[in-house]
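Asks: Each chain is listed here by its residues.
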Amino acid sequence: TQLLEQSPQFLSIQEGENLTVYCNSSSVFSSLQWYRQEPGEGPVLLVTVVTGGEVKKLKRLTFQFGDARKDSSLHITAAQPGDTGLYLCAGTYSGAGSYQLTFGKGTKLSVIP
Amino acid sequence: KAGVTQTPRYLIKTRGQQVTLSCSPISGHRSVSWYQQTPGQGLQFLFEYFSETQRNKGNFPGRFSGRQFSNSRSEMNVSTLELGDSALYLCASSSRGSGNTGELFFGEGSRLTVL
Chain R
1084 TQLLEQSPQF LSIQEGENLT VYCNSSSVFS SLQWYRQEPG EGPVLLVTVV TGGEVKKLKR
1144 LTFQFGDARK DSSLHITAAQ PGDTGLYLCA GTYSGAGSYQ LTFGKGTKLS VIP
Chain H
38 KAGVTQTPRY LIKTRGQQVT LSCSPISGHR SVSWYQQTPG QGLQFLFEYF SETQRNKGNF
98 PGRFSGRQFS NSRSEMNVST LELGDSALYL CASSSRGSGN TGELFFGEGS RLTVL
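Chains R and H, in that order, are what the protein sequence lines are.
FYI, the numbering for the first sequence is 1084 to 1196, going by my numbering.
FYI, the numbering for the second sequence is 38 to 152, going by my numbering.
Calculated from the structure, these hints are not laboratory results.
The structure presented is a predicted model; accordingly, all values stated were derived computationally and were not measured.
Here a beta-carbon is modelled for each residue, glycine too, at the ideal position from N, C-alpha and C.
Careful, some of the hints might be misleading.
Said to hold, decoys possible - A short, non-exhaustive set of chain H residues, derived as facing chain R with CB atoms under 7 Å: (1) Ala39; (2) Gly65; (3) Phe82; (4) Asn93; (5) Glu140; (6) Phe143; (7) Gly144; (8) Leu149.
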């Protein structure tokens, strides 16, 4: 069973601060996705990374995929209350069922105005 | 276009009963996946269907089953409910065919409470 660990589990910061959340696995990902889930809603895809070392930016969010494709990070610059939510990473692994996404337990972010 | 629709949104059952949840994917999407979300375990994969065939199954007991119809709508069934089955059940559709990096579009979920 593939295990995908996210840290920290909870994060509470003031508006305007920067933050980084991490996603790690002992196995190599074929691809990795980041989702954000708000209360009462399903997760919404933010980004997909597939190449080791890849960096993608989405406004104030920067996603990085590790060179070895075993880890990823999400950095938020100047966090805003609208960034509040549960951030989930999800990976697919070579050899596993190709249509199965394994999710981390998520990082619950609260941005205080 | 309309998103993924799940029904019912909320339901309460008692132990031993069974439940059927429904999911209508985005029009044109042939892949439907089901996940169970709990505070302790996060999102756990139940199964995925593509063109009425189950392509992959997670680590859940046989009490959990599903099916997909010719119009891509999917249902999942849980029999002999246990307290631990209380969770948010999420359905996700995708346009992915043979690849595995397609975006999943999630519904709002069906929140099941077992008393």
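Asks: Are the hints correct? Go through all of them and say.
Replies: We went through each hint and held it up to the structure:
1. Ala39: 14 Å, violated
2. Gly65: Check failed: Cβ of Gly65/H comes no nearer than 17 Å to chain R, outside 7 Å.
3. Phe82: Because about 5 Å separates Phe82/H from the closest Cβ in chain R, which is inside the 7 Å limit, the hint holds.
4. Asn93: Because about 3 Å separates Asn93/H from the closest Cβ in chain R, which is inside the 7 Å limit, the hint holds.
5. Glu140: Holds - the Cβ of Glu140/H comes within 7 Å of chain R, reaching about 5 Å at its closest.
6. Phe143: 3 Å, holds
7. Gly144: 5 Å, holds
8. Leu149: 15 Å, violated
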